[in-house]
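K.L.:
What follows is the residue order along each chain.
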Amino acid sequence: MGIKIKSMKYEDFNDNESLELFKKSGSNGFFMTTIDSIINWGRSNSVWPLTFATSCCGIEMMAAGASRHDFARFGIEVYRASPRQADVIVIAGTIVHKMAPVLKRLYDQMADPKYVIAMGACAISGGPFFNNTYSVVRGADHIIPVDVYIPGCPPRPEALLYGIMQLQRKIKAESKENRLESRENFI
Amino acid sequence: MEELQQILSDLLPGAVFNTNPQFVEAVVPAGDLHKFALELKNNPKTLFDYLVCCSGVDKNEELSVVYHLRSTKLKHNCVIKVVTTDRVNPEFDSVFDLWASAEFFEREIFDFYGIKFKNHPDLRRLFLEDDFVGYPLRKDYVDNINIVQ
Chain D
2 MGIKIKSMKY EDFNDNESLE LFKKSGSNGF FMTTIDSIIN WGRSNSVWPL
52 TFATSCCGIE MMAAGASRHD FARFGIEVYR ASPRQADVIV IAGTIVHKMA
102 PVLKRLYDQM ADPKYVIAMG ACAISGGPFF NNTYSVVRGA DHIIPVDVYI
152 PGCPPRPEAL LYGIMQLQRK IKAESKENRL ESRENFI
Chain W
35 MEELQQILSD LLPGAVFNTN PQFVEAVVPA GDLHKFALEL KNNPKTLFDY
85 LVCCSGVDKN EELSVVYHLR STKLKHNCVI KVVTTDRVNP EFDSVFDLWA
135 SAEFFEREIF DFYGIKFKNH PDLRRLFLED DFVGYPLRKD YVDNINIVQ
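One line per chain: the protein sequences are D and W, in this order.
The numbering used here puts the first residue of the first sequence at 2, with every later residue one more than the last.
The numbering used here puts the first residue of the second sequence at 35, with every later residue one more than the last.
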């Protein structure tokens, strides 16, 4: 079968196995999968990000939104300044302990369905600030559940585009059963 | 620079001058800081009207505050240092009433080094949370929960 999106060939993606596994954990009946595929087609092609960036990764995110890379091609259409209107929060930068409750609140204010991309080394693990720091949270997944991790310091806009396409594929693999799985299993 | 150092040594009789290739650098006694600062600001030969930067330093045995001053009229700079060996309750005079930019500089120094400033109007933490315990830029700061060596 394969989880297809328009922008890139199925074989060219890494980590197809875990997405296939994720898809299998959802519903299998013909009726539900048809409805899901229509819903997912709509959702995956209009993922609006929240205007949220805490450091240099934010500059790369802006570059990805600007004319050279232009992620509006993928339906990551427009930055929303309000979490109520956003579908995805790209954690672009270092999260410090003082920022952590703000991030949590922003995530809680977003309406379902909501997705999280951890962009860059700081958001994944604390990155360069892992050792000898009193202020940095070691990975945004200590605070909110993350769907896609994009490594790099900072990642190039191409890497962000790839991460966004992987998120679109993950949205396409969703169904009613596994949609909230990552959030319910989040400790 | 020699000229300025001569003027400063006349104004600050208690000061010790360090050799510094870039600035005239004077270490003044902590008790006389405010008096000297007032003189530096108002004396027509010096006229230091701009506090460029004010920073804290921890050298293990002593804590100090460094003031970078500039005169926008006479176009010269100097560095003033005050030093204390008291690590439990270090305290200096605030120069907030002379240079308003000192308010946030001194809050920042209080935040990270725990150095208190007498007569400061609003000495709260600036960058860290209000309930943060300890002064993280001190050399002897220990945090076994957050710091991974």
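Do not take every clue at face value.
DMTMM-like mimics (lysine to aspartate or glutamate), calculated; alpha carbons at most 20 Å apart, straight line [claimed, not checked]:
1) Lys-177/D x Glu-159/D
2) Lys-99/D x Asp-145/W
3) Lys-99/D x Glu-163/W
Source of the hints: derived by calculation from the structure; they are not laboratory data.
K.L.:
Run every hint past the structure and note whether it holds.
P.N.:
Comparing the hints with the structure gives:
1. For the proposed pair Lys-177/D and Glu-159/D, the alpha carbon gap of about 31 Å is over 20 Å, so the pair is violated.
2. Proximity of Lys-99/D to Asp-145/W is assessed by CA-CA distance (about 14 Å); at most 20 Å being required, the pair is judged to hold.
3. The hinted pair formed by Lys-99/D and Glu-163/W meets the criterion: a straight-line CA distance of about 6 Å does not exceed 20 Å.
Hint 1 from the list above is the single one not met by this structure.
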